[in-house]
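> With chain A fixed as given, assemble chain B onto it according to the hints.
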Amino acid sequence: MSEAPSPAQMVAALLAVDPQGLGGVVLRGMPGPGRDGFLAALRDALPEETPWRRLPLSISDSRLLGGMDLSATLRAGRPISERGLLAEADGGIVIAAMAERLTPLTTAQLCAALDRGMVVAAREGIGVEHAANIAVVALDEGIEEGEIAPSALRDRLAFLVETDRLATPSAATRDEVLMARLRLAHVEISDDAIAALAATSLVLGIDSLRAPLLAVRAARAQAALAGRDVVSEEDISLAGALVLAPRATRIPQSEHEEAEPPPPEPETPPENSDKQPDPAQGQMEDRVLEAIKAAIPAGLLAMLQAAALRNQRAKTGGKAGAWQKSGKRGRPGSTRRGEPGPKARLNLIETLRTAAPWQPLRRAESASLAAVLVRPEDFMVTRFRQRQERTTIFVVDASGSLAANRLAEAKGAVELLLAECYVRRDQVAMIAFRGKGAEILLPPTRSLVRAKRALRQLPGGGGTPLAAGIASSAALAEQIARKGGAPAIVLLTDGSANIARDTSPGRIQAGLDAMEEARGLRGAGRCSLVVDTSQRPAVAAQNLADAMGAVYLPMPYADATGLSRAVQSVLPKD
Amino acid sequence: MALAFPFSAIAGQEEMKQAILIAAIDPGVGGVLAFGDRGTGKSTTVRALAALLPQMQAVAGCRYRCDPAQASRLCSDCRERRTHGPLPVETVSVPVVDLPLGASEDRVVGALDLERALAKGEKAFEPGLLARANRGFLYVDEVNLLEDHLVDLLIDVAASGENVVERDGLSVRHPARFVLVGSGNPEEGELRPQLLDRFGMSVEVKTPTDLATRILVVRRRDAFDRDPEAFIAAWAAEDATLRAKIVAAHAHLPTVDVPDSVLESASRLCIALGTDGLRAELTLMRTARALAALHGRDEVTEAELREVAPSALRHRLRRNPLDDSGSTVRVERALAELFGA
Numbered sequence: 001m002s003e004a005p006s007p008a009q010m011v012a013a014l015l016a017v018d019p020q021g022l023g024g025v026v027l028r029g030m031p032g033p034g035r036d037g038f039l040a041a042l043r044d045a046l047p048e049e050t051p052w053r054r055l056p057l058s059i060s061d062s063r064l065l066g067g068m069d070l071s072a073t074l075r076a077g078r079p080i081s082e083r084g085l086l087a088e089a090d091g092g093i094v095i096a097a098m099a100e101r102l103t104p105l106t107t108a109q110l111c112a113a114l115d116r117g118m119v120v121a122a123r124e125g126i127g128v129e130h131a132a133n134i135a136v137v138a139l140d141e142g143i144e145e146g147e148i149a150p151s152a153l154r155d156r157l158a159f160l161v162e163t164d165r166l167a168t169p170s171a172a173t174r175d176e177v178l179m180a181r182l183r184l185a186h187v188e189i190s191d192d193a194i195a196a197l198a199a200t201s202l203v204l205g206i207d208s209l210r211a212p213l214l215a216v217r218a219a220r221a222q223a224a225l226a227g228r229d230v231v232s233e234e235d236i237s238l239a240g241a242l243v244l245a246p247r248a249t250r251i252p253q254s255e256h257e258e259a260e261p262p263p264p265e266p267e268t269p270p271e272n273s274d275k276q277p278d279p280a281q282g283q284m285e286d287r288v289l290e291a292i293k294a295a296i297p298a299g300l301l302a303m304l305q306a307a308a309l310r311n312q313r314a315k316t317g318g319k320a321g322a323w324q325k326s327g328k329r330g331r332p333g334s335t336r337r338g339e340p341g342p343k344a345r346l347n348l349i350e351t352l353r354t355a356a357p358w359q360p361l362r363r364a365e366s367a368s369l370a371a372v373l374v375r376p377e378d379f380m381v382t383r384f385r386q387r388q389e390r391t392t393i394f395v396v397d398a399s400g401s402l403a404a405n406r407l408a409e410a411k412g413a414v415e416l417l418l419a420e421c422y423v424r425r426d427q428v429a430m431i432a433f434r435g436k437g438a439e440i441l442l443p444p445t446r447s448l449v450r451a452k453r454a455l456r457q458l459p460g461g462g463g464t465p466l467a468a469g470i471a472s473s474a475a476l477a478e479q480i481a482r483k484g485g486a487p488a489i490v491l492l493t494d495g496s497a498n499i500a501r502d503t504s505p506g507r508i509q510a511g512l513d514a515m516e517e518a519r520g521l522r523g524a525g526r527c528s529l530v531v532d533t534s535q536r537p538a539v540a541a542q543n544l545a546d547a548m549g550a551v552y553l554p555m556p557y558a559d560a561t562g563l564s565r566a567v568q569s570v571l572p573k574d
Numbered sequence: 001m002a003l004a005f006p007f008s009a010i011a012g013q014e015e016m017k018q019a020i021l022i023a024a025i026d027p028g029v030g031g032v033l034a035f036g037d038r039g040t041g042k043s044t045t046v047r048a049l050a051a052l053l054p055q056m057q058a059v060a061g062c063r064y065r066c067d068p069a070q071a072s073r074l075c076s077d078c079r080e081r082r083t084h085g086p087l088p089v090e091t092v093s094v095p096v097v098d099l100p101l102g103a104s105e106d107r108v109v110g111a112l113d114l115e116r117a118l119a120k121g122e123k124a125f126e127p128g129l130l131a132r133a134n135r136g137f138l139y140v141d142e143v144n145l146l147e148d149h150l151v152d153l154l155i156d157v158a159a160s161g162e163n164v165v166e167r168d169g170l171s172v173r174h175p176a177r178f179v180l181v182g183s184g185n186p187e188e189g190e191l192r193p194q195l196l197d198r199f200g201m202s203v204e205v206k207t208p209t210d211l212a213t214r215i216l217v218v219r220r221r222d223a224f225d226r227d228p229e230a231f232i233a234a235w236a237a238e239d240a241t242l243r244a245k246i247v248a249a250h251a252h253l254p255t256v257d258v259p260d261s262v263l264e265s266a267s268r269l270c271i272a273l274g275t276d277g278l279r280a281e282l283t284l285m286r287t288a289r290a291l292a293a294l295h296g297r298d299e300v301t302e303a304e305l306r307e308v309a310p311s312a313l314r315h316r317l318r319r320n321p322l323d324d325s326g327s328t329v330r331v332e333r334a335l336a337e338l339f340g341a
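These protein sequence lines map, in sequence, to chains A and B. Each residue of the first sequence is one higher than the one before, counting from 1 in my numbering. Each residue of the second sequence is one higher than the one before, counting from 1 in my numbering.
No lab work stands behind these hints: they were computed from the structure. Just so you know, not all the hints are guaranteed correct.
Said to hold, decoys possible - Covered by chain B, according to a simulated footprint, are these stretches of chain A (three or more residues, beta-carbon under 8 Å):
no., segment
1, 149-158
2, 205-217
Claimed, not checked - Straight-line alpha carbon distances no greater than 20 Å define the calculated SDA-like cross-link-like pairs of lysine to any residue that follow:
no., chain 1, residue 1, chain 2, residue 2
3, B, Lys120, A, Leu373
4, B, Lys120, A, Arg363
5, B, Lys123, A, Ile80
6, B, Lys206, A, Arg450
Treat the numbers as computed from the prediction; the structure is a model and nothing was measured. Ideal placement from N, C-alpha and C gives every residue a C-beta, glycine not left out.
For reference, chain A alone in the conformation it holds in the complex (with noise of 0.2 Å):
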């Protein structure tokens, strides 16, 4: 195996074959050799014309999709369109940086790029249309599982690549790059690969469709690249690995893995073997599916264990922050006539919109060479109400220590909140703590169903890790406001505890360190509220919530109106 190039390795070449066909590729890493390796190996393969466009965070709707030229506009007199980065770059590589901050909207934009190679604009007096073949390389830098690139992207781009595992590409020259281009039109595939991708995606438990296909393309550009006109097993073999390997959600157990535990499944996939007609293409299938498991890395098992587990409990786990967090931009105010100032932004076009109809009338008395005249009555500015998005933690207590019916109690108070948080169209998360620590039941959502199944799926007893609980609400809350969200942390408790941080049982140590928490949770300025769910108003949960500087109320008062009410008073304001 010395010899020959790993999987990994043969991604650049890949791309540089069929760069529209495959989309592209996920390279996920902090910046280092690995990533920049790849970037220098694809750009060398590729023709040296190919437009290589960097795609900024901050890129607004006009740069990207195009718009008006308004100083092309200004000196010609008429409207003149420019192209936007997509349109720029047809035919070539769009490298989206810190793909795993995308916006929704603009992720939207390259997606539709991605799926009709052309970009459609209609924006400020001006609609056109323009070519936009392109592929994406999206640069992730999450860290944290939860950031991560956009799972729309993903679907769409080929090859999920980690680059700090990555070796030097294997390099294919221009030369062979443009062979290999020319020979993949005539490349074949028979139909029992393309059924042997597709069977084997549906046994790694992948739902979406474009991964098949995706590999068919993968399989095709491998064989051009060897200079074979019909894929062979080992160029399916190799797609699989790449585009298939890395989007498992369950790892088939052959029988001679029965030591491996089973991973947990939500419901039985459509079988594979059993069903096939054709015990050849069944073999086919089950070398593929050998080699694809021989690429899934070390560790994914207990990584897929760890995900099924969420997904039970929150139907889609793993892609939570990075996607809701940017959310609204808000709505941009209406636009109106006005001075610019802090709070409202000259709009430049509609002030010339404004003028333009009095450009002959005003020529007409005017000794003004200016191409276009404008007046201070013609300004028009946009309002911008930016609204920060909010998200509510609901931090659980579901030791034993608080009785069944409490429990029961606290639930309706949070179901209560949910509800209203969803009119208010806010985030919601939650978080419980019992037994030896906390743990995130639902990462922030705006999907009330969501929210409503994890409550009801709590269970109760056990210890009181009661700051292992706030430590973690105030690490989520951190996320939630460097992510530019307005975070605020319900806290549903007794104020006893008696797990400690180091989870060793004991009282006096657990309300030490509950209490130090509170008091960090306090430095860090979140707005808080802490209901008091102990039967009588106890003074363990007054003297938590005055360490944290929460608003204290008792739930022995908090009925509907109450709690709501108070969580409105907590809560950041528009």
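Relative to the frame of chain A, chain B by itself:
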């Protein structure tokens, strides 16, 4: 520019395809929302629609393609022209207009014609996407990512069938009756109930789990990508058959009878599900009738009613945001209770 995948070649996704056909047969049912998994061909299906639509008659030279047979819906220009004599008629394609994300309001509703204003100093109205979609389809991909002020606009125009522009010193109103088609992935956000209500049907699109269908999807898509023209040609006959069926069903539609017993069943179903107002029942009836027309029947039966009920009703059950049993399940449960399994 980009060639569309042929409708007849789309494997699986029967509910979505049926909803699209129903909307093509009777635009009055009010649009389709396709919500669901990634990579299931939602936008492919919608974009395939254009090739299936029969031609229609329109006033020649009219920017809104007014229907000469509908005097009450003529735009002001056509009304004016009609006083001078009969309106000239031409045959045009039914428009399927994309509302791209990132579109600015002026392109959607229309605005001052900048070119004429700059060059000649004339104040003229340049129609927007809503005008282009009149008497056709307006498609919004990733509809849940559409900016709020555009959503407001769509909600308003979709209900009134008229676009009123008051900007740039212009005061224009023109007909804007279109079938709204939206698609999206629910993980990226939910839709406002008011917008949901504008869609006659909503379908849940799931990724197919049976191997045969999946193989078919990949194989056909691969063949299409390799040689789109040849692929489209290979499916042209199938698409033509389907188009003929739509034309026949459209013509047949006015004669399809709805028996009282079926009307009663529809009402009982809506009451059992607690849907708001009469819109649910009306849509249910219209979709069932369009389906009966597609099947070549003279009369709507309970079978059609049951078939369309999930599409016509599932997005109208938003009474209790905390009820987490899926709305499809609730519709099917009510159907089973009322009509037996």
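> A separate judgement is required for each hint: does it hold in the structure or not?
Now the hints, each set against the structure:
With a threshold of 8 Å between beta carbons, the proposed coverage of the segment 149-158 of chain A by chain B holds, since 3 of its residues qualify and at least three are required. For the segment 205-217 of chain A, the proposed coverage by chain B is satisfied: 9 residues have a C-beta within less than 8 Å of a C-beta in that chain, meeting the threshold of three. Proximity of lysine 120(B) to leucine 373(A) is assessed by CA-CA distance (about 14 Å); at most 20 Å being required, the pair is judged to hold. Of the supplied pair hints, the one linking lysine 120(B) and arginine 363(A) holds, its CA atoms being roughly 12 Å apart against a limit of 20 Å.
For the hint linking lysine 123(B) to isoleucine 80(A), the alpha-carbon distance of about 19 Å falls within 20 Å, and the restraint holds. Between lysine 206(B) and arginine 450(A) the alpha-carbon distance is near 18 Å, which keeps this suggested pair within the 20 Å criterion.
In this structure, every one of the numbered hints holds.
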